[in-house]
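Input sequences plus hints: build the corresponding full structure.
So the sequence lines, in the order shown, correspond to chains Z and P.
Numbered according to my numbering, the first sequence terminates at residue 918, and the numbering increases by one at each position without gaps.
Numbered according to my numbering, the second sequence terminates at residue 188, and the numbering increases by one at each position without gaps.
The hints are simulated quantities; they were obtained by calculation from the structure and are not laboratory data.
Warning: the hint list may mix true and false statements.
Unchecked claim - With a Cα cut of at most 30 Å, we get these calculated DSS-like pairs of lysine-lysine:
| no. | chain 1 | residue 1 | chain 2 | residue 2 |
| --- | --- | --- | --- | --- |
| 1 | Z | Lys-226 | P | Lys-121 |
| 2 | P | Lys-110 | Z | Lys-182 |
| 3 | P | Lys-110 | Z | Lys-226 |
| 4 | Z | Lys-213 | P | Lys-121 |
| 5 | Z | Lys-213 | P | Lys-136 |
None of the values given here were measured: they were computed from a predicted structure.
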Amino acid sequence: MFSRWNWVACGFCLVLNICSPDASGGLVQSCGHIIPESPVLALGSNFTALCILNESCLDFGNIYASQIIWKIKNRLVPKEQYREINRTVSSVTFNDTSSLATPLTCNILADGQIEQNIYGITVTVGLAPEKPKNLSCIVHQLLRFRYVMTCTWNPGRHTFLDTQFRLRYRWPEEIFPDCIPKDVNNSCTITDIQFFVNTEIWVEATNALGKAKSDPLVVDPIDIVKPLPPQNVSISSGILPTVLQLCWVNWISDAMMTLKFNIRYRIVGDTNWMEVPSEDTASPRTSFSVQGLRPYTEYIFSIRCMKEDGVGYWSDWSEEKTGITTEDQPSKGPPIWRIIDTSHSPAFWTVHLIWKALKPFEANGVILQYEVTVRDKSSLSSPVKKYNVTGTNHTLQLREGTYEVSLIARNSVGASPPSVLLIPASNSKAPVKNLRTLPKHDKLWVGWTAPNSYVLKYVIEWCLVSSSSDCIIEWQIALGDVQGIDLKGIKPFKCYLITVYPLYADGQGSGQSVKAYLKQDRPSKGPTVQTKKVGKAEAVLTWNHLTVEEQNGFIRNYTILYKTIDGNETVVTVDPSKTEYTLSSLTSDTLYTVRMMASTDNGSRTGPDFTFTTQKFGKGEIEAIVVPVCLAFLLIVLLGVLFCFNKRDLIKKHIWPIVPDPSKSNIAQWSPQVPAKHNFSSKDQMYPEGSFTDVSVVEIEADDKKSFSEQDLKPFDLLKKEKSTSEGHSSGIGGSSCMSSPRQSVSDSDEGETTQNTSSTVQYSTVVLNGYRDQTPVQVFSRSESTQPLLDSEERSEDHAGGADSTAQRQQYFRQNGGQDETNTDRPCFERTKQITHANEGDLVGFVQLQISGQSSQPLGLGMEKNTQEAAVSNVLQTCTEGQTVRPETVGENPLSVDEMPKSYLPQTVRQGGYMPQ
Amino acid sequence: GRALLVTGSGCPSHGLCRSNVQEQTRRQVAVLNATAQELFSLYLKCQGEPFSSESDKLCNPAGIFFPAFRVNRTSERKEVMVAMYKLFAFLNASLGNITRDQEELNPTAKELLERLHNTTKTTRGLISNLTCLLCKNYNIFQVDVRYGDSSKGKSAFKKKQQGCQVLRKYVQVIGQAARVLLPHLSPS
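Okay, here's the thing in C-alpha cells:
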C-alpha cells in the first residue's frame with residue numbers, strides 16, 4: 001500500500017521562466033520556490049509547504065500569491081488546504097502525508113485562466129526504522145586459529161526509505177569498527193573477535209526519519225562457538241573382536257576451550273546410528289575405544305564436539321570413517337531342516353538337508369565349511385557318517401528310520417555349537433493348535449498355540465501357492481518358547497501356504513497348515529459363468545474357480561446376478577466352494593442375462609455377462625400332451641374299426657352296395673346281345689353270376705325328361721350335391737382312386753347341368769339314355785329302387801329302341817370302353833380327376849367314359865369333345881397315359897363293332913354326354 | 001608512560017564487568033601461557049639465522065626493559081592484578097610493535113603473523129578484563145605503566161632481536177603469571 005510512496009527521488013523542477021529585465025542578458029530566473037525542498041516525511045504525519053514568489057515577478061508578471069494553485073502530480077489540491085500568507089507566499093497543508101504524491105507543484109493562473117508552473121518539489125514519505133529484534137550471534141571456527149562471528153537479527157518493518165543497519169560491538173573501554181551488512185539487512189559477520197572478554201553487541205538502524213538501536217547482547221564469544229569437528233579420525237581394531245579404537249585431532253587447544261564429544265556408529269548397510277553414551281565422552285580427549293561391537297563387522301564412525309560445559313554449539317559431524325572388528329568363532333549353529341522325498345520307495349528316503357547360512361553377527365567371520373554328522377538312531381551299530389560341505393544343503397539316501405543330524409559351521413577362529421535335527425521315522429507327536437495368521441504392516445505374523453508337551457523349537461515352512469509352478473518352500477526356525485513369529489519377504493495379494501511343525505526332543509509333530517495373505521485385494525477378474533442346462537423355469541449355471549493368482553485374496557463368496565432384459569436384477573450369494581448353481585423360478589421363454597461376481601475381503605470383481613433363454617415348455621410337457629392325444633386318436637380309430645367291423649354289413653350296404661350283374665340278369669339272358677358279352681371271361685370272374693340280382697333298367701327319352709317322376713330324379717339331385725364336395729374322394733364303387741375320375745369330371749361340370757344322386761336309397765344303376773344335341777338319345781341305365789327284375793325296362797327298351805339305332809348306341813358305348821382297355825390295362829390313372837377339372841360339363845357331353853371296378857383301377861374309356869378344348873383335353877389325357885396317344889372317339893364318327901365291346905362293365909348312371917360311376 | 005584506565009570516576013561499561021571476568025582472565029592467561037612457547041619458537045624459526053641457532057645469546061632479555069613481576073601465590077590479589085596489568089600493558093604494546101615489524105620483515109609468515117595477532121588481541125582482552133577487575137573490585141582507576149623502547153628506526157636485525165628478547169621474556173613471565181593467578185582467579 002505504500003508503494004506509491006516509494007518514489008524514485010527524481011528531483012524535478014518545473015520552473016516558470018519569465019523574462020526578467022535581465023533576460024536580455026541571457027539569464028533565466030525562477031519566479032518562485034517551495035520550501036521545504038525535497039522533504040522526507042513520516043507516513044501519516046501532517047505537512048505544510050510554502051510557495052514563495054519572487055518580488056521581481058510581482059511587478060513584471062503581475063503575479064500574486066492569491067493566484068497560486070497547488071497540484072499533486074496533475075491533480076489539483078483543494079483550495080481549502082491553501083492559505084495566502086501574504087501577497088508573495090501561499091501555503092498548502094496536508095493533514096496526512098499518505099495522501100501525498102510527488103511532485104508537489106506550485107502553479108499560477110496567469111492572465112485569468114492560463115496555468116503556468118512556478119516550482120515543484122519531490123516529496124518522500126516513509127517510516128522511521130524499527131528497533132531490530134532477536135539479535136543472536138554464533139562464532140564459527142574456520143581454521144585452527146581463525147574464528148568469525150556472525151550475528152543475525154530481525155530488521156523490523158519496511159521503512160520505504162534507505163535504511164542503514166550497523167552491527168556494533170565493544171569492550172568496556174574499547175569500541176570496535178562497525179560491521180556493515182552487505183546486500184542484506186539482517187546479518188553481519190565480524191572477523192576480529194576475541195575470546196574471554198565480555199562483548200556488548202547491538203544493531204543500529206538509521207534512515208532519514210530516525211535511528212533505532214536493538215537491545216544489546218552481552219556475550220563472551222567463547223560461549224557461542226561452533227567448533228570445527230574433530231579432524232583426522234582413524235579407527236583401529238582392538239585386541240578383542242568386539243572393540244574398535246578411534247583417534248582424532250581437536251582443532252581447538254584445551255587452553256582455549258575444553259571439549260566434549262559425541263561418537264556415533266552404525267553397521268555398514270544399516271541406516272540406524274548408535275551412539276556412545278554421552279557421559280563416556282564428556283571429557284576432553286583425542287581417542288576412545290568403542291566396545292560391545294559385533295565380531296567381524298564393519299562399522300562406520302563419526303564424531304562431533306562442543307564446549308565441555310555445553311555452552312555453545314555442537315560442531316558438525318566429522319567425516320565418516322569405517323573400521324572392521326576381528327573375527328570370532330560362530331556364536332551358534334546354522335538352523336537346519338530337511339525335506340524327505342519318499343516318492344521312489346517308502347522304505348528309502350531321499351533326505352534333502354537344508355540349512356541357512358549364519359547371519360554375519362552369528363557367523364562372526366567367514367564360514368569356511370560345514371560339518372554334517374548323521375547318526376542312525378534306529379541302529380546303534382550303524383556307524384556315524386560325517387560330511388564336510390561348503391554349501392548350505394546336502395542330500396542323503398537313507399533307509400526309513402530315525403536319524404539325528406548335527407551341523408557345525410566353522411570359520412578361521414573356531415567352530416560353532418552344533419545344530420541338531422532329529423528325523424523321526426514318523427511325525428507322530430502332537431501338532432500345534434490354533435494356527436493363525438495376522439498381517440502386520442509388511443510382515444505376516446504366524447501364531448499358534450503350543451502343544452501340551454515341551455517343544456524344543458518350531459519349524460515354520462511357507463511357500464507361495466501358484467497354479468502354474470510348484471510351491472518353493474521357505475522355512476524358518478523359532479524357539480520353543482515362542483508362539484508366533486513374523487514372516488518377512490511376504491508379498492501382498494499372494495497366497496501363502498504356511499505349515500508349522502513342532503520339534504520335540506524325541507520326535508516331531510505333524511505339521512499344521514494354514515493359507516494366508518499379507519494383504520488382500522479384490523480379484524483380478526470375475527468368474528466366467530455359463531449354463532450347463534436350461535429348462536423352462538430353471539437354469540443350471542456352472543463356472544470355474546478363479547486361479548490362485550487371480551483371486552488376490554480369499555474368495556468369501558460368489559454372487560450371481562441375473563435379470564431379464566427389463567426386469568430387476570436378482571442377486572444370489574453362493575458358497576465359494578461351489579462351481580454350479582441352479583437358478584429356479586425363472587420365467588419360461590425369457591432371455592436372461594447373468595453375470596457372476598467373486599468377492600474377497602477387499603472387494604469384488606464381476607465376470608462377463610452371459611445370456612440364455614429359458615425354454616417354452618418344461619420337461620415332459622410335450623410328451624404329456626402328445627401321448628394322450630395319440631392314444632385318444634388310436635382309441636378312436638380302434639373304436640371306429642371295431643364299429644365298422646361290427647357294422648360291416650350295414651356299411652357295405654350303404655357304401656358298397658351289391659350291384660347286380662346285368663349280364664346275369666334274366667333280361668340279359670334274354671337279350672340277343674347277351675351271348676356276346678359272355679365272351680369276356682374276366683368279367684365273368686369279377687362279377688360272378690348271381691351278383692346282380694336287383695337291377696332295374698329304365699329307359700328315358702331325351703325329350704321326355706319331364707316324364708320321369710320326382711322319385712326317379714331324386715338321385716340325380718343328390719349326386720349333384722355330392723359333386724361339389726367330393727373331389728378326389730373315392731367313388732364308393734370299388735374304392736379305387738381311379739374310380740373317382742368319372743365323378744370328378746362330373747363335379748367339375750356346370751351347376752346347371754343335370755345332377756345325379758348316389759344316395760343310399762339308390763340300389764341299382766339306372767342307365768339313362770339321352771340324345772346328344774341333335775343326335776338320337778342313347779339308351780342309358782338308371783338306378784332304380786325297385787327290386788323287381790328289369791323286365792319292364794327291357795321290354796320297354798326293346799320296344800322303344802327296336803331298331804338298329806338303339807342297339808347301335810349301346811354297342812357303341814361298350815365298344816368304346818373295350819377299345820381303350822386294350823391299351824391301358826396295366827396303367828393306373830391317378831391324375832385324371834385333376835386333369836379334367838377344366839372341362840365343363842357341357843363340353844363333356846360328347847365323351848364316353850367307362851370306369852370298371854376291379855383289383856386295379858384302370859382308365860377304360862375316353863370321349864372326345866368337339867369343341868376347341870379338344871386338344872387341351874387330349875393333352876391332359878396324354879399325360880395321364882404317359883405318352884400314349886388316346887384317340888378320342890365320338891359316338892357318331894367311330895361306331896364300334898360288337899367285337900369291340902368291353903369285356904366287362906358296371907351299371908352306370910349316364911347323363912347327357914357322360915357316365916357317372918356309382 | 002602511564003596507562004590511564006578510565007577517564008573519569010566510576011567503572012566503564014559496568015554492565016560488562018560481570019562475575020565471569022575473573023575466570024575469563026585466568027583463561028586468557030592460560031591461553032597465552034599455552035601458546036607463548038609455540039609463538040616464540042615460530043618467531044625464531046621465521047627470523048632465520050642466526051636467531052634459529054643462536055637464540056640463547058641473541059634473545060637474552062637481560063638488556064631490555066621488561067616489567068617486573070614480583071608477585072607470587074601469596075601476594076594480595078590486588079597487587080597481583082596491578083602487576084598483571086602492568087605486564088600485559090607492556091606486552092600488548094610490545095607485541096604490537098613486533099607484529100608491525102614482522103609484517104614488514106616477514107610478510108609471508110602468515111602463521112606467525114596470525115599468532116602474533118591473536119596473542120596481541122588476547123592481551124588486549126586481558127587488559128580490558130583487568131581494567132574491569134581493578135575498577136570493580138579495587139576501585140583502581142589509574143595504574144602507572146611503562147612501555148618498552150620503540151623499535152622504529154632500528155635495523156631489521158635489531159627489530160628481530162628486540163622481538164626475540166621480548167618474546168623470550170614473555171615466555172618466562174607468562175608461565176609465572178599463570179601459576180600465580182591459578183589460586184587467585186579460580187572460581188570460588
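Hints, one by one, checked against the model:
1. Between Z/Lys-226 and P/Lys-121 the alpha-carbon distance is near 20 Å, which keeps this suggested pair within the 30 Å criterion.
2. This hinted pair checks out: P/Lys-110 and Z/Lys-182 have alpha carbons roughly 27 Å apart, not beyond 30 Å.
3. Our distance criterion of 30 Å between C-alpha atoms is met by P/Lys-110 and Z/Lys-226, whose separation comes to about 24 Å.
4. Among the hinted pairs, Z/Lys-213 with P/Lys-121 is consistent with the structure: their alpha-carbon atoms are about 27 Å apart, no more than 30 Å.
5. Only pairs whose Cα atoms come within 30 Å are accepted, and Z/Lys-213 paired with P/Lys-136 is accepted, the gap being roughly 27 Å.
Of the hints listed earlier, there is not a single one the structure fails to meet.
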